[in-house]
Amino acid sequence: MIEIKDVSKSYDKTVVVDGVSLKIPAGGITSIIGPNGAGKSTLLALISRLLPMNSGQVLVDGLNVTTTPGDALARKLSILRQDNHIGSRLTVHDLVTFGRYPYSKGRPTIEDLKHVRMALQYLNLESMSGRFLDELSGGQRQRAFVAMVLCQDTDYVLLDEPLNNLDMKHAAAMMKLLRRTADELGKTVVLVLHDVNFASCYSDYIVAMKDGKIAYRGNPSEIIRPDIMRGIYDMDIAVQDVDGKRIAIYYA
Amino acid sequence: MSLETVAPKIAAPTRPLTFSRPAKRLFLLGLLVAGAIIIFMTIDSRGNWDFVIPFRGTKILALALVSYAIAVSTVLFQTVAGNRILSPSIMGFDALYVLIQTTLVFVLGAQATVTLNLQARFVLEVTCMVLFAGILYRWLFGGTRRSLHLLILVGIIFGVLFRSFANMMMRLIDPNEFVILQDMLFASFNSFDRNLLWVSAALIFGGSIVLWRIGHTFDILALGRETAVNLGINFQRTVTIILVVIAIFVSVSTALVGPVTFFGLLVANLAYQLAGTYKHRWILPFAAGLALLFLVSGQMVVERLFSFNTSLSIVVEFLGGIVFIILLIRGAGR
Ligand SMILES: Nc1ncnc2c1ncn2[C@@H]1O[C@H](COP(=O)(O)OP(=O)(O)O)[C@@H](O)[C@H]1O
Ligand SMILES: [Mg+2]
Chain S
1 MIEIKDVSKS
11 YDKTVVVDGV
21 SLKIPAGGIT
31 SIIGPNGAGK
41 STLLALISRL
51 LPMNSGQVLV
61 DGLNVTTTPG
71 DALARKLSIL
81 RQDNHIGSRL
91 TVHDLVTFGR
101 YPYSKGRPTI
111 EDLKHVRMAL
121 QYLNLESMSG
131 RFLDELSGGQ
141 RQRAFVAMVL
151 CQDTDYVLLD
161 EPLNNLDMKH
171 AAAMMKLLRR
181 TADELGKTVV
191 LVLHDVNFAS
201 CYSDYIVAMK
211 DGKIAYRGNP
221 SEIIRPDIMR
231 GIYDMDIAVQ
241 DVDGKRIAIY
251 YA
Chain V
253 MSLETVAPKI
263 AAPTRPLTFS
273 RPAKRLFLLG
283 LLVAGAIIIF
293 MTIDSRGNWD
303 FVIPFRGTKI
313 LALALVSYAI
323 AVSTVLFQTV
333 AGNRILSPSI
343 MGFDALYVLI
353 QTTLVFVLGA
363 QATVTLNLQA
373 RFVLEVTCMV
383 LFAGILYRWL
393 FGGTRRSLHL
403 LILVGIIFGV
413 LFRSFANMMM
423 RLIDPNEFVI
433 LQDMLFASFN
443 SFDRNLLWVS
453 AALIFGGSIV
463 LWRIGHTFDI
473 LALGRETAVN
483 LGINFQRTVT
493 IILVVIAIFV
503 SVSTALVGPV
513 TFFGLLVANL
523 AYQLAGTYKH
533 RWILPFAAGL
543 ALLFLVSGQM
553 VVERLFSFNT
563 SLSIVVEFLG
573 GIVFIILLIR
583 GAGR
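Residue numbers (my numbering), protein chains in the order written: chain S, 1 to 252; chain V, 253 to 586.
In isolation and in its complexed conformation, chain S is listed as follows (with noise of 0.2 Å):
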């Protein structure tokens, strides 16, 4: 479980993240959304240690994230974040065999050569391994950069909007592979995501953020719904129910 106890950060004087409290059930997948600016990213940065929190404290399996060291954390909990830009030109292999890094220290063993494979393979990026980042599409890269996180094999899994570049197609793919991670290796997924369909079809737990604090949490039929829509992004969605799932239609 992620524990989140009155978490702020600001810049200057903006506070960004204001006093959030949320418990993150293990398992699953939880998403989070929210309009732009909400601090949902902010949010996961402060969990997996990136940025530095003003007050409050965030325990993963008790583990306050803070204070434990980096190397044993990296081995419970990754994140992917939402640009990510590598000066070196690495090929897709030589990226994801660096979410080794945390076993490894920078010599894989066969063990985690293995887990590399599975990886590519999961993301369907085998027949292009070899290739150099800066030679694929933004949705081939992005899966490459998944692939790197789902390497690192951790109990918490951290993705900031995933499904960033990704065609329809390759988006649902993901959110399948993202389901099945849960459900079959038993991992935590959280997710920052835009589309507000996908969490509704693929989450088990929603978080609805505004103007950084949690404006809303609950299953989605709980969060799908016209009225708490409009509480978050201040505009009229009409929602329908698609083969007992809740469709927002936000286009109109």
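Hint data in this document are derived by calculation from the structure and do not stem from the laboratory.
There may be inaccurate statements among the hints.
Just the calculated beta-carbon pair ranges, DEER-fashion [claimed, not checked]:
#  : chain 1 : residue 1 : chain 2 : residue 2 : range
1  : S       : Leu63     : V       : Ala453    : 43 to 51 Å
2  : V       : Val375    : S       : Asp134    : 41 to 49 Å
3  : S       : Ser127    : V       : Thr294    : 51 to 59 Å
4  : S       : Ser127    : V       : Arg533    : 25 to 33 Å
5  : S       : Tyr250    : V       : Ala275    : 52 to 60 Å
6  : V       : Arg533    : S       : Ala26     : 35 to 43 Å
7  : S       : Asn124    : V       : Ala454    : 52 to 60 Å
8  : S       : Asp243    : V       : His401    : 51 to 59 Å
9  : S       : Thr14     : V       : Ile387    : 27 to 35 Å
10 : S       : Ser127    : V       : Leu283    : 37 to 45 Å
11 : V       : Leu283    : S       : Asp195    : 55 to 63 Å
12 : S       : Pro52     : V       : Asn335    : 21 to 29 Å
13 : V       : Leu424    : S       : Gly138    : 52 to 60 Å
Every residue gets a Cβ at the ideal spot worked out from N, C-alpha and C, and that includes glycine.
Start from chain S and add chain V with the ligands according to the hints.
Chain V with the ligands only, in chain S's frame:
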């Protein structure tokens, strides 16, 4: 999903060349360096071995120390800074060292500085350098990544600031004392300070052991702060250690041959171009080998062709400066 069912179906994904190519190229470079050293040692010796061997041997040792220090400090600095346009000297490291040298003469007085044993003074200077550079550059590079434009600007300002302070103090120093300072500051490839060689070698050796122990983090640091933290690296601590070692290496090379601004940039970028890999395991020795090759053959050209009329630093700075301009134009730092 079971691993065994998946693994055999997939061909080994690495391209077979990826591993052998850098090794081959490094070997080739090693041969070139060895050849250059042999020619340097034997050319025009006229059978005068008793004199030639120790005399030229010391020169080679000094050139090797300087090459290694400049190449390693530049490559690692670029890794920490996250781009290939910056180098310690562009960020004002060696200007800071000159300032420290001048300040010590100014504060202690030349008399005291001279009575202080040469090696002790050097160690004192290196200590100050590590302290100041550690604080200053950790503040710049220890946190989230800053924009390249800001960094270049800060580097230029630091450089100008340190040099002006040093110049100002030189004016204030008693002319007799200035003569002594001049001796220290006018180190060059032709007139390096032989008395400092062994202390320098010891410092470089010590720094290298530290680097060896954290060597596995270098490739990860190149991925950027956030990825490195995600993979479990104590970023702030690792970067601080690397910056401290860089400060030591820059002190050594500046004390031996004076400030060299663009040479590090030249060899680091050439190493990335020629070695055909991003892995520090190959890039670091490759850059050091290239630096040594340039310095040894350059020194020969200067000694034989120009009979010492041109300084080697002018030649390497000219080449390095051109590379810097090309990099800026191509925006390779991104
Ligand atoms: N480094 C920073 N400095 C100042 N403000 C920032 C910084 N990073 C993010 N912010 C601000 O924090 C707010 C929340 O950002 P973010 O967490 O990225 O939002 P979201 O991911 O929900 O779109 C935004 O208003 C953004 O402008
Ligand atoms: Mg965001």
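Taking the hints in turn, this is what the structure says about them:
| no. | hint | result |
| --- | --- | --- |
| 1 | Leu63(S) <-> Ala453(V): 43 to 51 Å | 45 Å, holds |
| 2 | Val375(V) <-> Asp134(S): 41 to 49 Å | 45 Å, holds |
| 3 | Ser127(S) <-> Thr294(V): 51 to 59 Å | 55 Å, holds |
| 4 | Ser127(S) <-> Arg533(V): 25 to 33 Å | 28 Å, holds |
| 5 | Tyr250(S) <-> Ala275(V): 52 to 60 Å | 56 Å, holds |
| 6 | Arg533(V) <-> Ala26(S): 35 to 43 Å | 39 Å, holds |
| 7 | Asn124(S) <-> Ala454(V): 52 to 60 Å | 54 Å, holds |
| 8 | Asp243(S) <-> His401(V): 51 to 59 Å | 52 Å, holds |
| 9 | Thr14(S) <-> Ile387(V): 27 to 35 Å | 29 Å, holds |
| 10 | Ser127(S) <-> Leu283(V): 37 to 45 Å | 38 Å, holds |
| 11 | Leu283(V) <-> Asp195(S): 55 to 63 Å | 58 Å, holds |
| 12 | Pro52(S) <-> Asn335(V): 21 to 29 Å | 25 Å, holds |
| 13 | Leu424(V) <-> Gly138(S): 52 to 60 Å | 59 Å, holds |
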